[in-house]
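Peer 1: With chain A's structure known, arrange chain B on it following the hints.
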Amino acid sequence: MALSGLEIFKLLPKTNCKKCGQPTCLAFAMALAQKKVSLDQCPDASAQARDTLAAAAAPPMRLIAFGVGEAAAKTGQETVLFRHEEKFHSPSLVAIALPDDLSADAAAAKAKAIQALAFERVGQKLPIQAVAVINKSGDAGKFAAAAELAKAACKAIILVSQNPDAVKAALAHVKDSKPLICGATDANAAAMAALAKEAKCPLVAVAADAEALAALTEKLKAAGCEDLVLCLSTTDRWAEMRGLTQVRQLALKKNFRPLGFPVIAFANEGTPEVQVTRGASLICKYAGIVVIDTVEKWALLPLLTVRQNVFTDPQKPVSVEPKLYAVGDAGPTSPLLFTTNFSLTYYTVEGDVEASRVPSWILCVDTEGTSVLTAYSGDKLNEKVVGKAMKAANVETIVKHRKLIIPGYVAVMSGKLEEETGWEIMVGPRESSIIPRYLKEVWAGQS
Amino acid sequence: MPLPAVQESYSGRVNEVTLGGGTRKKTLTIGGAKTIVYGGDRAVTGNRPLIAIDVLDSAPQDWAPVLAEAYGNVLSDPAAWARKAVEEFGADLVCVKFDGIHPDKGNLGAAEAVAVTKKVIAAVGVPLILWGSGNDEKDNTVMPKVSEAAKGEKVLLGTVTQDNYKSLTATALADQHLLIAQAPLDINIAKQVNILVSDMGFPLESLVMFQTTGTLGYGMEYAYSIQERERLAALTGDKLMAAPVICDVGYETWRCKESKADLPQWGDAAKRGPLWEATTAVSLLQSGVDIVRMRHPAAVAVVKTYIDSVWGAK
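The listed protein sequences correspond, in order, to chains A and B. Quick note on our numbering: the first sequence kicks off at 1 and runs consecutively. Quick note on our numbering: the second sequence kicks off at 1 and runs consecutively.
Rather than coming from a laboratory, the hints here were simulated on the basis of the structure. On a predicted model such as this, the values are computed, not experimentally measured, just so you know. A portion of the hints provided could be inaccurate.
[Said to hold, decoys possible] No farther apart than 30 Å at their CA atoms in a straight line, the calculated lysine-lysine pairs in the DSSO-like style are these:
1. K253(A) - K304(B)
2. K191(B) - K297(A)
3. K14(A) - K74(A)
4. K257(B) - K440(A)
5. K87(A) - K191(B)
6. K34(B) - K253(A)
7. K10(A) - K221(A)
8. K271(B) - K125(A)
9. K191(B) - K253(A)
10. K323(A) - K87(A)
11. K400(A) - K416(A)
12. K151(B) - K403(A)
13. K36(A) - K316(A)
14. K271(B) - K316(A)
15. K254(A) - K105(B)
16. K253(A) - K87(A)
17. K271(B) - K297(A)
18. K254(A) - K34(B)
19. K257(B) - K297(A)
20. K105(B) - K440(A)
21. K257(B) - K239(B)
22. K304(B) - K323(A)
Looking at chain A on its own, in the form it has when it is part of the complex (with noise of 0.2 Å):
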């Protein structure tokens, strides 16, 4: 948490020297609390002032990376409780389970399952970061073994096993991946502690609630272990949503450094509908990483379809590139629609427009990311930013005809686009999903 002025004023020499080019060491605090200047520009600051202000300077929750090279992956960081306070930073990683007790060929088949999965939506991808190799077996062997084939999966790997030997015999075949090891308890803090120091990974803290994990990260902390994840271990899912919701609201309003990390949850048990709604939930409130068990490909979109959601910056509207879209084989003879480069609005349109399986072209208008009716009553969608769009997009050399559908709640300016483009203005439907009934009547039949 930020130092007042005189918080760190009391940790200046007091000497008033002049050196730092400020007229008073009270100045230069003042300065300092304001993120002005930097502590370097005073050459006579103590060790103790330099750790203090470190520390206070330190996010009050921790960024944690493993894997490395394509499949590195972060998560952490995070600054708020609600996402209108700001936004959510780091979207939570989605990992994919690889139980250590699945044959080899079953095993390897998933890793290689995982690793084609590709998604996009309304031009985002959406990426699956990690793999989980889960101790299922509770055999050392079976999981280095395992751990081995996750290589195939190109993923971030998650060592998921509270049995030292196992783990150790994992790290052996993927230390150089930089997994993340899940994890430490109470009971085997000191081994999994002196693992994670060795291979350099970061280490998950695993404990029943807020409290008892607290108690474990200063426990690892002393033995050298800085980069710390969470999970709470519990089954009871109220005391879950709760305590991850305790954690959030300690790490981030009271500034408890003892919490001040990223939290992992597994949502990989029972069916994939059972599976994805958990998840959802989890991505909600505040897991940086989710561990799931299905690759079916409906399952996960949804899931990743909610990080996608949850973590847009609510404060920036997300746009697309405005040009000119083809949907379908549309040629000369094609409807030419226009709409804004709102993300929503222009992808509800073109998915309507390919409902209507009418091969159109879309002409989408700059309206710096805003709806119809924001950007019209805004003056950001006029006569003139259309005409402008059309000639760029050089709409007159692509069809053959005279004919500019417009959005249906932008009818009134008809007239002015008219005159502007020359074009025959037709007024389309104000819902976008009233457009394949429009262009099977009415553009059918009036050519």
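Peer 2: Below, chain B alone, put in the same frame as chain A:
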């Protein structure tokens, strides 16, 4: 290790609203939270959320096959539909949606709507939601008759908006129903509607708020954040914003591409659709929602399992 105390005792709370009366075999109480979602133990976090299943007043024409097939032959019989929703699919409430009175969707009259209302009242014992078509003119002529037919049942009647609230508010007052106040993803308008309605003498304690829900992938996060802000407003003592919240997940989900489109890169559409609906509902529950309106029975089952797992089986 002892933990520092996190505040959070708030001066305000979400209203507790009880639905159902008259011939209903049970009543249901929603709201009551004194803290944020998961902000304390069960005693201060309010009543468990409920699921309402939609029953349309006339057979839907444009439902996705995966959705329509789940209901079989009851879609043209609102009474049988309502019974199936409650007895087979476990709906806490039934939401009769009067789409059929809309001029573009059948243009049915008040007589038909009243008949449907009476049939559903007779068919099931759970509390009801009676929800208009969204066409102001038609709702203002038909919904008062619907309300009157349900007099005494203490239904949740919807919806009133900033531009159309007088007729339905007066009706709800006269027939002693509860009212749904709707706003278009705008917390300021939500407050404005509540003010307008309460200025007509309608008790704030009988209101439920509805922000036009976005489904997953189509603005879900807007509704999510507004609902979180509504909860915080209630907790900090804004009595105008203390009403419980309802979401419409079913309708919104089943008109989006992801719930229906046969795209191999997104896996089996028949499983994806219901899960899209369930995931939207569960995500919105995290923002503090008291009732979710749903459609696919498989999705309802998944959400019930989720609610039971977190809030405890009933």
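Peer 1: Determine for every hint whether it applies to the structure shown.
Peer 2: Quick rundown of the hints versus the structure:
no.: 1; hint: K253(A) - K304(B); verdict: violated (33 Å)
no.: 2; hint: K191(B) - K297(A); verdict: violated (41 Å)
no.: 3; hint: K14(A) - K74(A); verdict: violated (41 Å)
no.: 4; hint: K257(B) - K440(A); verdict: holds (18 Å)
no.: 5; hint: K87(A) - K191(B); verdict: holds (24 Å)
no.: 6; hint: K34(B) - K253(A); verdict: holds (19 Å)
no.: 7; hint: K10(A) - K221(A); verdict: holds (28 Å)
no.: 8; hint: K271(B) - K125(A); verdict: holds (22 Å)
no.: 9; hint: K191(B) - K253(A); verdict: holds (28 Å)
no.: 10; hint: K323(A) - K87(A); verdict: holds (29 Å)
no.: 11; hint: K400(A) - K416(A); verdict: holds (22 Å)
no.: 12; hint: K151(B) - K403(A); verdict: violated (53 Å)
no.: 13; hint: K36(A) - K316(A); verdict: holds (27 Å)
no.: 14; hint: K271(B) - K316(A); verdict: violated (33 Å)
no.: 15; hint: K254(A) - K105(B); verdict: violated (55 Å)
no.: 16; hint: K253(A) - K87(A); verdict: holds (16 Å)
no.: 17; hint: K271(B) - K297(A); verdict: holds (10 Å)
no.: 18; hint: K254(A) - K34(B); verdict: holds (21 Å)
no.: 19; hint: K257(B) - K297(A); verdict: holds (15 Å)
no.: 20; hint: K105(B) - K440(A); verdict: holds (19 Å)
no.: 21; hint: K257(B) - K239(B); verdict: violated (39 Å)
no.: 22; hint: K304(B) - K323(A); verdict: violated (44 Å)
The structure does not agree with the numbered hints 1, 2, 3, 12, 14, 15, 21 and 22 stated previously, though it agrees with the rest.
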